[in-house]
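Q: Spelled out, the chains give:
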Amino acid sequence: MSIFKIIVTGSFNAGKTEFIKQISEIEPITTDKPITEKELKEVKTLTTVAMDFGRLTIDEDLVLHLYATPGQERFNFIYPILVKNALALIILADATDKNSINEIDSYYKAFYGLKRLPTVIALTKTDLPTRLTDNEINSILHDIPSNIPILKINARKKEDVKKTVLFALEQLTEAS
Amino acid sequence: MEKKALFVLEDEMLATIFKVLFEKVGYKTYIVNSPKDAVEEITKSTYAIVLIGKNRGSIVKSKLADILYDKAFGFKPHIIIVKEPGDIVYSTDHITFIRKPSFHQDLLKSLSIIDENSKIKEMLNSSRDVNVADNFLKNKNYEVKQVSQFLKWLKGNKKFELICSEKKIVGFLMSNEIYILHSDFDNPYSVLSCKKAEIATEEFEIAEFLSLKLGEETFKTTYRKFILKSIESLKQEKDILHILPHTDSIISIKAPRYVLQQCKIVDMNFNIDWLESHNKKTTLKDIMHKYDGDIIKLKTIAAMYLLNMIEFSKITSHNNQQPKFDVTIKKSLLEKIMDKIRGL
Numbered sequence: 140m141s142i143f144k145i146i147v148t149g150s151f152n153a154g155k156t157e158f159i160k161q162i163s164e165i166e167p168i169t170t171d172k173p174i175t176e177k178e179l180k181e182v183k184t185l186t187t188v189a190m191d192f193g194r195l196t197i198d199e200d201l202v203l204h205l206y207a208t209p210g211q212e213r214f215n216f217i218y219p220i221l222v223k224n225a226l227a228l229i230i231l232a233d234a235t236d237k238n239s240i241n242e243i244d245s246y247y248k249a250f251y252g253l254k255r256l257p258t259v260i261a262l263t264k265t266d267l268p269t270r271l272t273d274n275e276i277n278s279i280l281h282d283i284p285s286n287i288p289i290l291k292i293n294a295r296k297k298e299d300v301k302k303t304v305l306f307a308l309e310q311l312t313e314a315s
Numbered sequence: 516m517e518k519k520a521l522f523v524l525e526d527e528m529l530a531t532i533f534k535v536l537f538e539k540v541g542y543k544t545y546i547v548n549s550p551k552d553a554v555e556e557i558t559k560s561t562y563a564i565v566l567i568g569k570n571r572g573s574i575v576k577s578k579l580a581d582i583l584y585d586k587a588f589g590f591k592p593h594i595i596i597v598k599e600p601g602d603i604v605y606s607t608d609h610i611t612f613i614r615k616p617s618f619h620q621d622l623l624k625s626l627s628i629i630d631e632n633s634k635i636k637e638m639l640n641s642s643r644d645v646n647v648a649d650n651f652l653k654n655k656n657y658e659v660k661q662v663s664q665f666l667k668w669l670k671g672n673k674k675f676e677l678i679c680s681e682k683k684i685v686g687f688l689m690s691n692e693i694y695i696l697h698s699d700f701d702n703p704y705s706v707l708s709c710k711k712a713e714i715a716t717e718e719f720e721i722a723e724f725l726s727l728k729l730g731e732e733t734f735k736t737t738y739r740k741f742i743l744k745s746i747e748s749l750k751q752e753k754d755i756l757h758i759l760p761h762t763d764s765i766i767s768i769k770a771p772r773y774v775l776q777q778c779k780i781v782d783m784n785f786n787i788d789w790l791e792s793h794n795k796k797t798t799l800k801d802i803m804h805k806y807d808g809d810i811i812k813l814k815t816i817a818a819m820y821l822l823n824m825i826e827f828s829k830i831t832s833h834n835n836q837q838p839k840f841d842v843t844i845k846k847s848l849l850e851k852i853m854d855k856i857r858g859l
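Protein chains in written order, with the numbering used here: chain A, 140 to 315; chain E, 516 to 859.
In short, the hints are calculated from the structure, not lab data. Ideal Cβ positions, reconstructed from N, Cα and C, are used throughout, including at glycine. Just so you know, not all the hints are guaranteed correct.
Unchecked claim - These stretches of chain A come out as covered by chain E in the derived footprint (C-beta under 8 Å, 3 or more residues):
#1 151 to 160
#2 239 to 251
#3 259 to 268
Stated by the list, open to error - Cut-off 20 Å, straight-line C-alpha distance, at most; resulting in silico cross-link-like pairs (SDA-like, lysine to any residue):
#4 Lys-254(A) to Asp-788(E)
#5 Lys-851(E) to Leu-305(A)
#6 Lys-855(E) to Glu-199(A)
#7 Lys-254(A) to Gln-751(E)
#8 Lys-302(A) to Glu-164(A)
#9 Lys-302(A) to Glu-850(E)
#10 Lys-753(E) to His-281(A)
#11 Lys-660(E) to Asn-277(A)
#12 Lys-855(E) to Thr-312(A)
#13 Lys-851(E) to Glu-298(A)
#14 Lys-254(A) to Lys-800(E)
#15 Lys-851(E) to Asn-277(A)
#16 Lys-744(E) to Ile-825(E)
#17 Lys-254(A) to Pro-760(E)
#18 Lys-660(E) to Asp-236(A)
#19 Lys-653(E) to Gln-751(E)
#20 Lys-223(A) to Arg-194(A)
#21 Lys-291(A) to Gly-808(E)
#22 Lys-682(E) to Gly-671(E)
#23 Lys-660(E) to Asp-282(A)
#24 Lys-301(A) to Leu-859(E)
#25 Lys-237(A) to Lys-682(E)
#26 Lys-750(E) to Asn-241(A)
#27 Lys-301(A) to Lys-855(E)
#28 Lys-301(A) to Arg-857(E)
#29 Lys-839(E) to Glu-309(A)
To be verified - Partial list, computed: chain E residues near chain A (C-beta under 8 Å):
#30 Lys-660
#31 Ser-708
#32 Lys-711
#33 Glu-713
#34 Lys-753
#35 Leu-756
#36 His-757
#37 Ile-765
#38 Val-842
#39 Ile-844
#40 Ile-852
The task is simple: from the sequences and hints, build the whole structure.
A: Shown next, in the form of structure tokens:
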């Protein structure tokens with residue numbers, strides 16, 4: 140069986156759990172919930188450190204794992220494990236929270252240093268009146284390479300989540 | 516055994532407040548207002564707590580804390596520093612700090628409005644703080660900048676004021692030395708943990724510098740030491756990576772060999788022959804792989820970068836012949852995954 144991964148990262152409260160919930164066929168498994176599936180040896184280790192896990196079966200020989208990894212530095216040690224077989228990186232940020240957007244660059248660099256993954260930045264809560272303006276966001280994200288798509292999404296909308304993941308995976312087809 | 520607390524504090528009102536608090540929780544208190552008396556006292560009697568506030572000495576509070584700790588008779592005390600806005604305080608295992616309370620000043624101010632009592636006015640005046648850093652910069656034109664880039668390009672004689680998450684640091688660079696006049700940070704080296712900040716700068720005229728009255732307690736260090744200690748204070752890899760350009764950037768050496776050799780951290784952590792032989796041939800990512808993500812090596816690279824010993828060439832991913840991503844998947848499997856997601 141082939142297992143690939145999509146990594147969803149971002150600051151606290153950016154909507155990571157909601158994001159994977161939209162396309163996972165199982166209710167996301169969060170910290171310390173028991174794992175029974177035989178193929179998920181790795182998941183056990185990872186979920187015990189506050190990681191959300193979802194799954195999407197493509198066919199009987201192909202499975203996609205969805206990991207929502209906490210942004211706190213103390214969990215950085217799991218990134219090298221996580222990037223194995225990873226196909227894409229989605230960085231979520233809360234558009235109402237300047238710190239959340241400020242942290243995008245560090246997440247990008249942390250993963251980029253380990254593995255060059257197709258990446259999409261998705262800003263959540265953009266419908267709220269307290270969101271930062273586009274100018275403010277652009278000024279914070281000016282270091283991010285211009286070829287990385289920045290989307291505004293609602294992490295509770297399945298279509299938005301699908302679009303985000305597809306944007307990331309399409310980069311692989313373009314690169315091949 | 517009775518627990519004792521020693522106060523080194525000249526603010527009479529504050530000393531009285533602390534005395535009441537400490538005695539309420541079972542401490543016997545002893546108050547002095549000069550470091551000399553404090554040293555004398557700590558060498559002859561055992562104290563569980565030493566509280567250091569503004570006193571008649573010219574020595575900085577952290578330094579006084581170290582001296583009192585070293586000289587303590589018998590049992591080593593825990594030291595609490597009453598931090599005022601301009602103080603530079605380092606937290607250690609045996610030193611903690613509290614912000615200087617201001618409620619007593621507020622109370623006196625309110626009282627002075629309704630009561631003509633001259634004693635109140637006298638106490639209010641004696642407890643009022645004057646901060647020289649407040650109007651140090653004439654024109655505060657703040658710009659949001661990356662703190663590491665600000666430090667990297669800080670040259671000549673410059674005044675600066677930096678605000679990050681409501682913490683302010685005011686100081687200046689005079690030739691090769693950094694002076695800090697005011698810092699809300701626990702210690703000024705932690706300023707590099709701020710990624711971006713609102714920063715205002717201004718030229719600093721020599722005449723103005725010569726007329727500036729600086730106390731002996733003013734924080735002063737060399738620019739190089741400031742950069743090295745600031746990098747040293749970073750604990751997380753991601754904070755160091757934030758200083759550096761992308762990991763695919765190519766490293767070129769700018770500094771002459773002797774400069775690299777004279778910098779202890781470089782000499783200790785890198786084989787300079789190897790560095791020179793790989794000049795313009797190696798990337799940050801290569802070095803991270805070579806040293807298995809060793810954070811000390813990464814800090815050394817960051818130090819070399821901020822001290823302009825090395826430079827990075829821009830990411831050239833478009834010209835790069837390597838694959839764009841480190842992902843291996845058969846096209847057919849990728850299409851299956853994408854079809855499944857589209858159909859959800």
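Q: All the hints need checking, so say for each whether the structure fits it.
A: Comparing the hints with the structure gives:
no.: 1; hint: 151 to 160; verdict: violated (count 0)
no.: 2; hint: 239 to 251; verdict: holds (count 7)
no.: 3; hint: 259 to 268; verdict: violated (count 0)
no.: 4; hint: Lys-254(A) to Asp-788(E); verdict: 29 Å, violated
no.: 5; hint: Lys-851(E) to Leu-305(A); verdict: 12 Å, holds
no.: 6; hint: Lys-855(E) to Glu-199(A); verdict: 13 Å, holds
no.: 7; hint: Lys-254(A) to Gln-751(E); verdict: 19 Å, holds
no.: 8; hint: Lys-302(A) to Glu-164(A); verdict: 17 Å, holds
no.: 9; hint: Lys-302(A) to Glu-850(E); verdict: 15 Å, holds
no.: 10; hint: Lys-753(E) to His-281(A); verdict: 18 Å, holds
no.: 11; hint: Lys-660(E) to Asn-277(A); verdict: 14 Å, holds
no.: 12; hint: Lys-855(E) to Thr-312(A); verdict: 16 Å, holds
no.: 13; hint: Lys-851(E) to Glu-298(A); verdict: 18 Å, holds
no.: 14; hint: Lys-254(A) to Lys-800(E); verdict: 10 Å, holds
no.: 15; hint: Lys-851(E) to Asn-277(A); verdict: 35 Å, violated
no.: 16; hint: Lys-744(E) to Ile-825(E); verdict: 18 Å, holds
no.: 17; hint: Lys-254(A) to Pro-760(E); verdict: 16 Å, holds
no.: 18; hint: Lys-660(E) to Asp-236(A); verdict: 18 Å, holds
no.: 19; hint: Lys-653(E) to Gln-751(E); verdict: 36 Å, violated
no.: 20; hint: Lys-223(A) to Arg-194(A); verdict: 16 Å, holds
no.: 21; hint: Lys-291(A) to Gly-808(E); verdict: 34 Å, violated
no.: 22; hint: Lys-682(E) to Gly-671(E); verdict: 25 Å, violated
no.: 23; hint: Lys-660(E) to Asp-282(A); verdict: 12 Å, holds
no.: 24; hint: Lys-301(A) to Leu-859(E); verdict: 8 Å, holds
no.: 25; hint: Lys-237(A) to Lys-682(E); verdict: 16 Å, holds
no.: 26; hint: Lys-750(E) to Asn-241(A); verdict: 18 Å, holds
no.: 27; hint: Lys-301(A) to Lys-855(E); verdict: 10 Å, holds
no.: 28; hint: Lys-301(A) to Arg-857(E); verdict: 7 Å, holds
no.: 29; hint: Lys-839(E) to Glu-309(A); verdict: 13 Å, holds
no.: 30; hint: Lys-660; verdict: 11 Å, violated
no.: 31; hint: Ser-708; verdict: 11 Å, violated
no.: 32; hint: Lys-711; verdict: 7 Å, holds
no.: 33; hint: Glu-713; verdict: 12 Å, violated
no.: 34; hint: Lys-753; verdict: 4 Å, holds
no.: 35; hint: Leu-756; verdict: 4 Å, holds
no.: 36; hint: His-757; verdict: 5 Å, holds
no.: 37; hint: Ile-765; verdict: 15 Å, violated
no.: 38; hint: Val-842; verdict: 6 Å, holds
no.: 39; hint: Ile-844; verdict: 6 Å, holds
no.: 40; hint: Ile-852; verdict: 5 Å, holds
When the structure is compared with the earlier hints, violations turn up for hints 1, 3, 4, 15, 19, 21, 22, 30, 31, 33, 37 and for no others.
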